[in-house]
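Student: Taking the hints as your guide, dock the two standalone chains into a single complex.
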Amino acid sequence: MPIDHKRINGPEITIPYQLFDKLNTKSGKSQFKDFVKSNGVRIDGRSANDHRKIFLKTGVVSQAKGSAYIELDKTKVIVSVFNPREIPNKSEYSSKGEIYCEFKYAPFSCHKRRLHQQDPEELQYSAIMKQALESAVSRHEFPNFQVDIYALVLHNDGAALSAAITVAGVALAHAGIPMYDLITSVTLAVQGEFVLVDPNLEEERLCQVPLFKDEQNTNHGIVVLSMLATHEQVSQFYQTGNLAMDNLTSAIETLTNAAKDIVVLVKKCLVRHVIKSARNVED
Amino acid sequence: MSEQYKILHPVKYYRDYLAHNIRPDGREFDKYRPIVVNLGSISTADGSAIAKVGRTTVVCGIKAELCQPKAEAANEGFLIPNVELPPLCSSKFRPGPPTEQAQVATQLVADILKNSECLDLKSLCIFPDKLAWCLFADLICLDLDGSLIDACMIALMAALKSVRLPVIDYDPALDNKQANLEHRKPLNITNIPSSTTFAKFDDKIVMDPTVDEEDLSTALITIALRKNELCFVHKPGGASVTDEQLLKCIDESQKRAIVIEGIVETALRSLQ
Numbered sequence: 001m002p003i004d005h006k007r008i009n010g011p012e013i014t015i016p017y018q019l020f021d022k023l024n025t026k027s028g029k030s031q032f033k034d035f036v037k038s039n040g041v042r043i044d045g046r047s048a049n050d051h052r053k054i055f056l057k058t059g060v061v062s063q064a065k066g067s068a069y070i071e072l073d074k075t076k077v078i079v080s081v082f083n084p085r086e087i088p089n090k091s092e093y094s095s096k097g098e099i100y101c102e103f104k105y106a107p108f109s110c111h112k113r114r115l116h117q118q119d120p121e122e123l124q125y126s127a128i129m130k131q132a133l134e135s136a137v138s139r140h141e142f143p144n145f146q147v148d149i150y151a152l153v154l155h156n157d158g159a160a161l162s163a164a165i166t167v168a169g170v171a172l173a174h175a176g177i178p179m180y181d182l183i184t185s186v187t188l189a190v191q192g193e194f195v196l197v198d199p200n201l202e203e204e205r206l207c208q209v210p211l212f213k214d215e216q217n218t219n220h221g222i223v224v225l226s227m228l229a230t231h232e233q234v235s236q237f238y239q240t241g242n243l244a245m246d247n248l249t250s251a252i253e254t255l256t257n258a259a260k261d262i263v264v265l266v267k268k269c270l271v272r273h274v275i276k277s278a279r280n281v282e283d
Numbered sequence: 001m002s003e004q005y006k007i008l009h010p011v012k013y014y015r016d017y018l019a020h021n022i023r024p025d026g027r028e029f030d031k032y033r034p035i036v037v038n039l040g041s042i043s044t045a046d047g048s049a050i051a052k053v054g055r056t057t058v059v060c061g062i063k064a065e066l067c068q069p070k071a072e073a074a075n076e077g078f079l080i081p082n083v084e085l086p087p088l089c090s091s092k093f094r095p096g097p098p099t100e101q102a103q104v105a106t107q108l109v110a111d112i113l114k115n116s117e118c119l120d121l122k123s124l125c126i127f128p129d130k131l132a133w134c135l136f137a138d139l140i141c142l143d144l145d146g147s148l149i150d151a152c153m154i155a156l157m158a159a160l161k162s163v164r165l166p167v168i169d170y171d172p173a174l175d176n177k178q179a180n181l182e183h184r185k186p187l188n189i190t191n192i193p194s195s196t197t198f199a200k201f202d203d204k205i206v207m208d209p210t211v212d213e214e215d216l217s218t219a220l221i222t223i224a225l226r227k228n229e230l231c232f233v234h235k236p237g238g239a240s241v242t243d244e245q246l247l248k249c250i251d252e253s254q255k256r257a258i259v260i261e262g263i264v265e266t267a268l269r270s271l272q
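In order, the protein sequence lines correspond to chains A and B. Note that this note's numbering has the first sequence beginning at 1, numbered continuously upward. Note that this note's numbering has the second sequence beginning at 1, numbered continuously upward.
Simulated from the structure, these hints should not be mistaken for laboratory data. Errors might be hidden in some of the hints.
Below, simulated DSS-like cross-link-like pairs (lysine-lysine); rule was C-alpha separation at most 25 angstroms, straight line [stated by the list, open to error]:
no.	chain 1	residue 1	chain 2	residue 2
1	B	Lys92	B	Lys12
2	A	Lys130	A	Lys57
3	A	Lys26	A	Lys37
4	A	Lys6	B	Lys70
5	A	Lys22	B	Lys185
6	A	Lys65	A	Lys96
7	B	Lys6	A	Lys65
8	A	Lys74	B	Lys185
9	A	Lys74	A	Lys37
10	B	Lys248	B	Lys31
11	A	Lys90	A	Lys130
12	B	Lys31	A	Lys6
13	B	Lys92	A	Lys65
14	B	Lys130	A	Lys112
15	A	Lys112	B	Lys70
16	A	Lys90	B	Lys92
17	B	Lys185	A	Lys112
18	A	Lys29	A	Lys213
19	B	Lys92	A	Lys130
For reference, chain B alone in the conformation it holds in the complex (with noise of 0.2 angstroms):
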């Protein structure tokens, strides 16, 4: 009976839930729902991570290539992410190029890393001018459920946390190659960015919009923080948002960032 009442009235359905304060999963406006995370299953990949956040799902994984520098930036490595949102993790999507809501999710995560300045591309480079690291960080979505970037930039800082590079012995007067593939060594992540993302529905705003909840939205809002830092804020359009409620969606954020930052720590401890 509700299934059918959801289908047909899906705004009056909602509205109904949000006026005892509840939302259709049972969670109050300002409950996330869980995250789990896993690292190091790819071996294929020099690094790679699931992430879960309810049901949505992204798996990240970082190949490693050799490059030469641009010459704009002769001494920084490169580190390309990529978001994608194949067929198989919703009926909204069809095989082909990249849809809209997959370039904007890239961008989106191309532009808290590059914010965040969690990986200092200086780095990555082994010789300037000559040879450097580039990591193609490689985000597939596997469930769309809502929140797809919070997942993302959990499963990606994970897998770049989890990322091994060998050690490199270059020769420029010779340019030759030598790599050591048994000598490893991690990046140097200097802080963990995480974002949330908000819903707003009417006048109100719930956090962690399940993939319903998004659509039925009038506003989305994406936060992203560093420590205690705002590295990100992304409101595409949308309903307007009072101060207030800006303010508060930031607090809420702050709190969750401390969180995923101790579970991601966690599941770094169980790789070593």
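Only chain A is shown next, with the shape it has when bound in the complex (with noise of 0.2 angstroms):
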């Protein structure tokens, strides 16, 4: 671990003690049996094409201007959201405002502990998030200035970006920054013919690489899409691994169902939030 003089620094090198488990001498295909089994049934109960219970709540930041917290089963995120503020190192005038977003996990949410720093992967995500969200803010009613948006995911049991960009919808709507509409996120894993909505970590995980090569079959892979929900638009689409053009669109298909069904716990969740602040006006 690199010296960090900001903070206490632990021994130089550290390993987590995961690695000296039992062998797992399963092969990845029958590992992926066990969470899978053949009828589609998943290790939780879940079909293909269910997603996880969802807890969504408003107002969870105190200090921040909107805020929202979402839990995908064990899957934990929560986003803030700050007033349009000036652009830092900024000279010329432009008449769209600009969205900042920081994604990044805690260090104790992912198996491996992760760094207090953003690696790669984080400002990937972090970049396919303001993607994602650009198109669902009305960047012209802040011109000049930028919006703040902030997620931490506290827990990753799989599909943390979609949650983010879900719950940073949520959260922009509590804040109320103007939005053309709002914004759900879904995640697909891919692995041979099984198509899996809203993964959990071992799914994502064993879905990273083919194991159906025998069977002619390499699709496999991580399909993450968001959709505004009124205008039917895909404002975010992103993809690793092998995917026929058929899947493909049968992919989209499924994973632009499974974003509608989300809509109706976002909208419920605002409303109750207005309803409540609506009450706190009148006493």
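Tutor: Okay, here's the thing in structure tokens:
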């Protein structure tokens, strides 16, 4: 670990103890079969198209203009949004506002401890989040200003990026930032002929490499899609791995349907917040 | 109307409240905010806890890793605390390296841990000079509304109490390590240090200030206690405090420390 002069440093070399666990002699394919049975039922009883249970709450950070918290079963993400402020290091006037997204895993949120500084994966996810949210926000309403959105993953159990995008949309609405539409995001994990909506961490890990090569099916990977609900427009699309063209079109269809299902929850959460603030104003 | 008054004349606004022996949130000077603790919600961490003191929220996650002990302390492991004040907790912070406030908070937490001797580092050693545990205790503030150190200490002690380390079989001759993830043991935490923050304004001292009160205060005092012993008093500059005021603060901290200990123990029982 490089020496960080602004933090207390531990010993130079530390090894996670999970490396010394019993040797896992199962092949990737049989591990996957443990998680997903051949009839498509997953280990937690969900079918391939089922999303996990979602918990959404707004107003969790009192110091932020807008904030929200999401739980996708075990995945926990908190986002706070701040008032538009001047863009640092900028001299020219721009007629559109900027949004600044920061996506970060907490050091204890993943199996392997993460460093406090953003690593390349987090920088990439921050850029994807920005791309997703830019289309949803009415940038001409705050010209020459910047809206800061900070997402922190407290516990990663798969689909952290899509959870962050969905909850960032809710936080932006809670903050009163003018938006064109509600945004929701879903992750898809593909392995062979199995297409799993909202994978958990193990399913995500097992879909990173092709496991059914002997059956001539090298489809594998993760697809993340964000959609604007009412306009029915895709604002962000990200795919890693191998995906055949026909599977791609069916994947997009599955994702758009799953994204539409979540919009109801987002709407309910925001309506609850509006009713609560209306009641507070009355008192 | 009061909102505008608060923004235009913050000092006068606060002074008016204090003159009536009450604070803007309705508390008296020696009343502290409700404390909420929740343990073990983050299963990727070896120990975790979330503590809320009023609206100040701190989450603590402890990750355990294996390492070689330092040469000068061959039979001791490591406990590395780190307080992070991310931009999400308050508009005062920007992305980047830790601010002075975060660095001071980290050092305070480390000092309180060392002084209170709540965890004997020798118990973290698996084999002298060859293998020891290194516990990274990362405290992330999610909402900064005053009394940061209080919330950090509660979250940290609750998380430490919830840690379950796997048993490691170590063969020194072959340098062979085997982890038994099913068989886990808790740490031996001998006491629960807790801290209380006070803010001085004019000649009055208020307990458990909110962030607005902290910003207006002329001095801040943090007192950390374990059982009935002082383990840390921090008064970084600011206006002077009389002996009686300081003793009164220590007295009130003692009462609060007992309450905090009770809350952490109750939360722990819910975990088992």
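Student: All hints are to be evaluated individually against the structure, with a verdict given for each.
Tutor: These are the hints, each one checked on the structure:
1. For the hint pairing Lys92(B) with Lys12(B), the CA-to-CA distance comes to about 23 angstroms; that is within 25 angstroms, so the pair holds.
2. Distance check on the hinted pair: Lys130(A) and Lys57(A) sit about 22 angstroms apart at the alpha-carbon level, within 25 angstroms; holds.
3. For the given pair, Lys26(A) sits about 16 angstroms from Lys37(A) by alpha-carbon distance, which is consistent with the 25 angstroms threshold.
4. Simply put, Lys6(A) and Lys70(B) have alpha-carbon atoms about 21 angstroms apart, close enough for the 25 angstroms limit, and the pair holds.
5. Using a Cα cut-off of 25 angstroms, the hinted pair Lys22(A) and Lys185(B) holds, with the two alpha carbons roughly 18 angstroms apart.
6. Between Lys65(A) and Lys96(A) the CA atoms are separated by roughly 21 angstroms; this keeps the pair inside 25 angstroms, and the hint holds.
7. A threshold of 25 angstroms between alpha carbons decides the hint, and for Lys6(B) with Lys65(A) the separation of about 18 angstroms falls inside it, so the pair holds.
8. Pair hint Lys74(A) plus Lys185(B) holds up; C-alpha atoms about 24 angstroms apart against a cutoff of 25 angstroms.
9. Note on Lys74(A) and Lys37(A): the hinted pairing holds, with a Cα-Cα distance of about 22 angstroms set against a maximum of 25 angstroms.
10. Taking the CA atoms of Lys248(B) and Lys31(B), the gap is about 13 angstroms. The hint holds against a cut of 25 angstroms.
11. Proposed proximity of Lys90(A) and Lys130(A) is supported: the alpha carbons are some 19 angstroms apart, at most 25 angstroms.
12. For the suggested pair Lys31(B) and Lys6(A), the alpha carbons sit about 35 angstroms apart, so the restraint of at most 25 angstroms is broken.
13. Taking the CA atoms of Lys92(B) and Lys65(A), the gap is near 13 angstroms; set against the 25 angstroms cutoff, the hint holds.
14. A distance of roughly 22 angstroms separates the Cα atoms of Lys130(B) and Lys112(A); the hinted pair therefore holds under the 25 angstroms criterion.
15. Under the criterion of a C-alpha separation no larger than 25 angstroms, the hint pairing Lys112(A) with Lys70(B) is consistent with the structure, at around 23 angstroms.
16. At roughly 20 angstroms between alpha-carbon atoms, Lys90(A) and Lys92(B) fall within 25 angstroms of each other, so this suggested pair holds.
17. As the CA atoms of Lys185(B) and Lys112(A) are separated by approximately 21 angstroms, the hinted pair is consistent with the 25 angstroms bound.
18. Simply put, Lys29(A) and Lys213(A) have alpha-carbon atoms about 10 angstroms apart, close enough for the 25 angstroms limit, and the pair holds.
19. Between the alpha carbons of Lys92(B) and Lys130(A) the distance comes to roughly 22 angstroms, so the proposed pair stays at or under 25 angstroms and holds.
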